[in-house]
Each structure stands twice: as C-alpha cells, then as structure tokens.
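Assemble the complex: chain A is given as a structure, and chain B must be docked to it using the hints.
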Amino acid sequence: MDVRKQVALAKAGDKEALLDLVMARQQEFYGLSYVYMRNEQDAADVLQDMMVILFTRIHTLKKASAFYSWAKQILVRCCLSRLRTNKRWQPIPEGYEQTTHMRADTGLDLLNAVHRLPASQRDVILLYYYSDKTFEEISAIMQCPVGTVKSRLHQGLKKLRGWLGNEYRGEA
Amino acid sequence: MNIEERLREDAARFASMPAPGYLRQHLKAALDAVPVPHRSSRAVRPVRKWFVPAVAVLTLAMAALILSAGVDTGQYMPLLTSSQSQDRAVYAPEQSEAMVQGLSWDHNWKAAAIFGGLAVAAGALCLVELKGRPRLLVLALSALALLTASGLLLLLR
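Chains as they are written, first to last, in my numbering: chain A, 1 to 172; chain B, 173 to 329.
So here's chain A without its partners, still in its complex pose (with noise of 0.2 angstroms):
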C-alpha cells in the first residue's frame, strides 16, 4: 500500500484511505491500545478515539512518511486520557504481592501489577516498554523533565521487583 498516496487521500476527505491505512497495521495498533485498556472493549474503543482525531487533524500532518507514528502517538494519548477519566481502578489490594505470582501463567498478570502502579510510574513503564518511546519522547508526552521521567521508571520497576519478585519466573 503506498502510504503518501492514501495519506493524500484521508487529507482530501478520503474516510476509506484513513480505515486502509489504519487497517493496515491493525495488530500494532490493537496491541498497543489493549496494553493500556486491557481489555478488549475499551481498546476497540480508544480506537475509535484515535480514528476521529486522525481524521479531523489529518491535514496538520506534513510528513505522510511520518503517519504511523503520528497515528500512535495520538493513541497512547488517548489511551493515557482516558485511563486518567477512568474511575474504576481499585486501590492495590492487600496482600497482592502475595497473590501475584500464583497468576504467573495467566499472561497479563505482569500488565495488571503495571497498572496497580500509581500513575505516573504506570505511564512512564508503558510508554518505555510497550509503546517503545525514548526518555526525551516520554518526557515531552507527560511535560516533566527526563530526570523525572528515569527516576519514576526507576520507583515503578523496583515496586514490580517488589510485587512479583526479584527474578521474575513467568514462564517457569
């Protein structure tokens, strides 16, 4: 598929050529955005999200080289914005570090002690690992300073040695 011309297109009013182009990369997209959400529900509609802000600010893109990044910047935002609108995060049960590494096998039980962490080291652990962002990038996301940016991943890393264990045995 020939992102420029499709770009093109989605900038002249094309809604088809921004859903191929989307479409395209759905599994990255997807992944990311259930990272965040976890679940399927909630990632399916942070898509939805991204997809309307795509369209209306299309044409503020220069580099059409440059979409899909844009495009995924765009949807850790409003992933980010909607975790933060979301009320219905429980507080950190008691004895979690003891129950977590009996879910060791399950697959998300590391993403669930992710998001138990407060969150601004949450934001910062997703941003670094799972949307592959750099200091400098997660820095400019979040408006604080890199130092900042090291020392909550820093705090939140150590909270998960903490959580499930110095060495961590997930496919033991």
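The set of hints was computed from the structure by calculation and includes no laboratory data. From the three backbone atoms N, C-alpha and C, an ideal C-beta is built for every residue, glycine too. Where hints are given, some of them may not hold.
[Said to hold, decoys possible] BS3-like mimics (lysine-lysine), calculated; alpha carbons at most 27 angstroms apart, straight line:
1) A/Lys11 <-> A/Lys72
2) A/Lys11 <-> B/Lys282
3) A/Lys62 <-> B/Lys282
4) B/Lys200 <-> A/Lys15
5) A/Lys15 <-> A/Lys72
6) A/Lys5 <-> B/Lys282
[As the list claims (entries may be wrong)] Each pair of labels, with its calculated beta carbon distance range:
7) A/Val146 <-> B/Asn174: 20 to 30 angstroms
8) A/Arg77 <-> B/Val208: 45 to 55 angstroms
9) B/Val208 <-> A/His154: 45 to 55 angstroms
10) A/Ser65 <-> B/Ile286: 13 to 23 angstroms
11) A/Arg38 <-> B/Gly304: 41 to 51 angstroms
12) B/Val224 <-> A/Thr148: 18 to 28 angstroms
Using the frame of chain A, we list chain B on its own:
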C-alpha cells in the same frame, strides 16, 4: 528472567496480538459519525525552507544598495556645494560640476536598475512560494512595492 526482560517480552507479545474481527466495522462506525471537514481541494503546500532566507538576503541587498548609494551621494554632494571645492575647481568649474553630476546620475541609475532587479526577483519568489496563500501574498507584495517605491525615490532623487 528479570522484570525488564519480561516487560520487553510482554510488549512484543502484545504488539502481535490479533485484533477482533469487528474492528473495521467498529472504526468505520466512528468515522461515519464525523462530518467531512470543508477543506480546499488542493492542500496548501508549506513554503520551502530556503524561501525566508532568500527573501531576507534579497531585502538586505536592496537595503545595502540604498545605503551605499546614500553614502556615495553624500561623497558627491560636498564637491558640488562646499565653497572649498568650488574654489579648487576654479580652473574648470563647469566641467568639474558636469562631470560629477554625470557620474552621480549614472551611478544612481545603475543602482536603481539593480535595485529594481532585486525587487522583481523578490516579487517573483513571493509569487511562486505564496501562491496558495492570497492574504500573505498580498501582504508580501504590498510591503515589497512600498520598499521598492521608497528605495527608487531615494536612489533617483
């Protein structure tokens, strides 16, 4: 396996997660609810990187031309007006005055021609680069016309 390695492994696993089959319809439904924004059929191309420096260089050259012509005129004027120079030109006052005036006139016409050329070049650049932005084009051409008119007036006074 430590936490960091496991996080990376997890990220790779989620990145290849299969999307639900209804995703396309779901996203299409969201897009269908959005009205198509009214935009010009031809997207406005951003100005090229060299446009602003090029116009700045041309404007500076025009300004330098006016200044240098002003300095040159200043050098000629005392020859014509000061009594000292008139005293010195006592042997052939008419010839000397005519020669100086002729030189100055020639020089000013040359400067005006170069100035005009630079103005035309700047105008052409603006026309080419600001074609899709009528307001900016009118503003740039008006400023250029004003600069050209005042520059030519100064040079040919």
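Do the hints match the structure? See the list:
no. : hint                                      : in the structure
1   : A/Lys11 <-> A/Lys72                       : 18 angstroms, holds
2   : A/Lys11 <-> B/Lys282                      : 50 angstroms, violated
3   : A/Lys62 <-> B/Lys282                      : 44 angstroms, violated
4   : B/Lys200 <-> A/Lys15                      : 8 angstroms, holds
5   : A/Lys15 <-> A/Lys72                       : 18 angstroms, holds
6   : A/Lys5 <-> B/Lys282                       : 51 angstroms, violated
7   : A/Val146 <-> B/Asn174: 20 to 30 angstroms : 23 angstroms, holds
8   : A/Arg77 <-> B/Val208: 45 to 55 angstroms  : 23 angstroms, violated
9   : B/Val208 <-> A/His154: 45 to 55 angstroms : 47 angstroms, holds
10  : A/Ser65 <-> B/Ile286: 13 to 23 angstroms  : 43 angstroms, violated
11  : A/Arg38 <-> B/Gly304: 41 to 51 angstroms  : 46 angstroms, holds
12  : B/Val224 <-> A/Thr148: 18 to 28 angstroms : 36 angstroms, violated
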